[in-house]
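Chains as they are written, first to last, in my numbering: chain A, 3 to 136; chain B, 80 to 220.
Do not rely on the hints blindly, as some may be mistaken.
DSS-like cross-link-like pairs, simulated, lysine-lysine; straight-line CA separation at most 27 angstroms [to be verified]:
1. B:K161 - A:K78
2. A:K128 - A:K89
3. B:K149 - A:K41
4. B:K167 - B:K149
5. B:K209 - B:K161
6. A:K70 - A:K41
7. A:K52 - A:K70
8. B:K209 - A:K121
9. B:K214 - B:K149
10. A:K41 - B:K209
11. A:K89 - A:K41
12. B:K167 - B:K119
13. A:K41 - A:K52
14. A:K52 - B:K214
15. A:K41 - B:K161
16. B:K214 - A:K128
17. A:K89 - A:K52
18. A:K121 - B:K214
19. A:K128 - B:K209
20. B:K209 - B:K167
21. A:K52 - A:K129
22. A:K121 - A:K52
23. A:K129 - B:K149
24. B:K149 - A:K89
No lab work stands behind these hints, which were simulated from the structure alone. Predicted model only: the values in this text are computed from it and were never measured.
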Amino acid sequence: MSSRIDDALRFNQTALNLRAARQELLAANIANADTPNFKAKDIDFSSALKGALSGTSPRLAMEATAAKHLSGGEGKTLMGAPVMYRKPTQPSADGNTVDMDVERAQFADNALRYEASVKFVSDDIKKLLTVIQG
Amino acid sequence: MSLFNIFNISGSAMTAQSQRLNAVASNLANVDSATGPDGKPYRAKQVVFQATPVGGAQGNTGAQAAMGVKVAAVVEDASPLKMQYDPKNPLANAQGYVAMPNVNPVDEMVNMISASRSYQNNVEVLNTSKTLLAKTLSIGS
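Work out the full structure, taking the sequences as your base and the hints as a guide.
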C-alpha cells in the first residue's frame, strides 16, 4: 500500500526536487553577476523532469567506431539533466553572460512554481487523508 | 538539499560584494593620499571576482553546477599616477610636480552603486529561498 502512496506523490516530489536544484543554479547565476568570464547556466526543465520521472537521463552518447576514440564527455548534469549555457543577448566585455533581468525573472518564476508544487503535494496528502479517514 | 546551498552561494556573493565596497571606500578615502606607509603614493585597489565551488552536499544534484563567488585577488591599478603641479609641496619632484593617487572618483562611485545593487540582489535571493524553505516545512499541515 505504501508504494501506492509513493506513486501518488512521486510526480510532485520529483518536480519539487528539480525546482530546488534549478533555484540553486539561478542563485549561482545571480551571485556571479560580476564575475569575469562567468557563463550563465540553466537546465531545460520539462525534459529534465521527463528524464527524472522515467529514470533515464537525456544524454547524448558519442559513437565510437574505433578503439582509440575517446568516449564522449558527459558534461555537468543536474539530477541527470544536462546543464546548458544560456545564450547571451547582450554579451559584456568581460566575458560574463549573466543578464540580471533574465535571471531575476526566471528566479521569481521558479520560486512561484516551487510554491505551486508545494501546494500540490499538500493537496495530494490532504486527499489521501480524506480517503483514509473518510 | 539544494535550497540550503543557496544560503552558501548568496552568502559568498554578499561577502565578495562587501569586499568590493570596502575597496571602493578605501580608494575614495585615499583620493588625495600622496604618500603611504611605503612612502609611495596610494594606488587604486580593485577586487577580482572568481567563481568558486561552495560547501554543501553534492550527491545527485550535479557536479558543482552551481558556483559561489570569492575574491581571488586584490590588484593595484597600474595606470599612471596623476601628476599635479605644486612646487611648494615637500614631495614635489625637481620639476615641481607631485605624484597623486590614480583614483578616479567617478569610476569608484559607479563601482559603489554596482556593488550595492548586486548585494541587494543577493539579499533578495536569500529571502526568497528562506520563504520557500518555510513553505516546504508546512507541507501536509
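Taking the hints in turn, this is what the structure says about them:
Taken as a hint, the B:K161 and A:K78 pair is broken in the structure, with Cα atoms around 48 angstroms apart against an allowance of 27 angstroms. Proposed proximity of A:K128 and A:K89 is contradicted: the alpha carbons are some 42 angstroms apart, above 27 angstroms. Proximity of B:K149 to A:K41 is assessed by CA-CA distance (about 16 angstroms); at most 27 angstroms being required, the pair is judged to hold. Under the criterion of a C-alpha separation no larger than 27 angstroms, the hint pairing B:K167 with B:K149 is inconsistent with the structure, at around 45 angstroms.
Taken as a hint, the B:K209 and B:K161 pair is broken in the structure, with Cα atoms around 48 angstroms apart against an allowance of 27 angstroms. The hinted pair formed by A:K70 and A:K41 fails the criterion: a straight-line CA distance of about 32 angstroms is larger than 27 angstroms. For the given pair, A:K52 sits about 34 angstroms from A:K70 by alpha-carbon distance, which is inconsistent with the 27 angstroms threshold. Of the pairs offered as hints, the one joining B:K209 and A:K121 holds, with about 17 angstroms between alpha carbons and a cut-off of 27 angstroms not exceeded.
Restraint check for B:K214 and B:K149: not satisfied, since their Cα atoms lie roughly 30 angstroms apart, outside the 27 angstroms limit. Of the supplied pair hints, the one linking A:K41 and B:K209 holds, its CA atoms being roughly 26 angstroms apart against a limit of 27 angstroms. With a C-alpha separation of about 9 angstroms, the suggested pair A:K89 and A:K41 falls inside the 27 angstroms cut-off, and the hint holds. The suggested pairing of B:K167 with B:K119 holds, with an alpha-carbon distance near 18 angstroms, which does not exceed 27 angstroms.
For the proposed pair A:K41 and A:K52, the alpha carbon gap of about 26 angstroms is at most 27 angstroms, so the pair holds. At most 27 angstroms may separate the alpha-carbon atoms for a hinted pair to count; A:K52 and B:K214 meet this at roughly 25 angstroms. For the suggested pair A:K41 and B:K161, the alpha carbons sit about 36 angstroms apart, so the restraint of at most 27 angstroms is broken. Straight-line distance between C-alpha atoms of B:K214 and A:K128 comes to about 16 angstroms, which keeps the hinted pair within the 27 angstroms bound.
At roughly 23 angstroms between alpha-carbon atoms, A:K89 and A:K52 fall within 27 angstroms of each other, so this suggested pair holds. As the CA atoms of A:K121 and B:K214 are separated by approximately 9 angstroms, the hinted pair is consistent with the 27 angstroms bound. The suggested pairing of A:K128 with B:K209 holds, with an alpha-carbon distance near 24 angstroms, which does not exceed 27 angstroms. Between B:K209 and B:K167 the CA atoms are separated by roughly 60 angstroms; this puts the pair beyond 27 angstroms, and the hint is violated.
Between the alpha carbons of A:K52 and A:K129 the distance comes to roughly 25 angstroms, so the proposed pair stays at or under 27 angstroms and holds. For the hint pairing A:K121 with A:K52, the CA-to-CA distance comes to about 21 angstroms; that is within 27 angstroms, so the pair holds. Note on A:K129 and B:K149: the hinted pairing is violated, with a Cα-Cα distance of about 47 angstroms set against a maximum of 27 angstroms. Between B:K149 and A:K89 the CA atoms are separated by roughly 25 angstroms; this keeps the pair inside 27 angstroms, and the hint holds.
Consistency with the previously given hints fails for numbers 1, 2, 4, 5, 6, 7, 9, 15, 20 and 23, ordered from lowest to highest.
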